[in-house]
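Engineer: Here are the chains, one letter per residue:
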Amino acid sequence: GGIITQTPKFLIGQEGQKLTLKCQQNFNHDTMYWYRQDSGKGLRLIYYSITENDLQKGDLSEGYDASREKKSSFSLTVTSAQKNEMAVFLCASSISGGPNTGQLYFGEGSKLTVL
Amino acid sequence: GDSVTQTEGQVTVSESKSLIINCTYSTTSIAYPNLFWYVRYPGEGLQLLLKVITAGQKGSSRGFEATYNKETTSFHLQKASVQESDSAVYYCALGDRYVGDNSKLIWGLGTSLVVNP
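Protein sequences, first through last, are from chains V and C.
Sequential numbering from 1 applies to the first sequence in the numbering used here.
Sequential numbering from 1001 applies to the second sequence in the numbering used here.
No lab work stands behind these hints: they were computed from the structure.
Don't be surprised by glycine CBs; every beta carbon is placed ideally from N, CA and C.
Check each hint, because a few of them may be wrong.
To be verified - Chain C is faced by these chain V residues, among others (derived, beta-carbon under 10 Å):
| no. | residue |
| --- | --- |
| 1 | G13 |
| 2 | T31 |
| 3 | G42 |
Can you build the whole structure from these sequences, using the hints too?
Structural biologist: Laid out in structure tokens, this is it:
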């Protein structure tokens, strides 16, 4: 089996600060995702990438940048953290298409707090 | 638009009792929905519990079952006898069979199951 590792697990930043979350997977999956989860809301897709150096915007991409320099890693940057922002960011990976459609593998999440 | 509605908040059940977590979906753009239940156990990442891609079919895993009912647009999660180890957060999700990159997954808000010994 494989694993998805997100770092850091907890991230505290100041308003206006640029903050970066990192994700590593050893499944050798092509596609990786970043979701945001707010209390009382479902998972919302921020960015995804279907292969190395590819980036696709999700529904919530404004205010974020992403980078996929290697197949195994996918990073997300909050370009200017907003005060009182608190959310959990989830990284996931999957094989695209075929019978595995919809089967995502998730990391444990990174919790962001902005002071 | 597309949406998923599931039992809100927390559900508390005594061990060995039966469980049902409701999930209904609505879609205007997905001709062939795929339906999923994901689970998040304490200290772990979200993981797929079961999936069904054909209307009328039932999926099962770890004693849980869910039937894809196209007429009622529902995909309720059931278990006949829960265990304390089933305590977790359960998410219903809707996908599009023809969107292979999974970029169109629609998620419910999650239902927290607490099983009391």
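Engineer: Compare the structure with each hint and give your call.
Structural biologist: Each hint, compared with the structure:
no., hint, verdict
1, G13, "violated, 23 Å"
2, T31, "holds, 6 Å"
3, G42, "holds, 4 Å"
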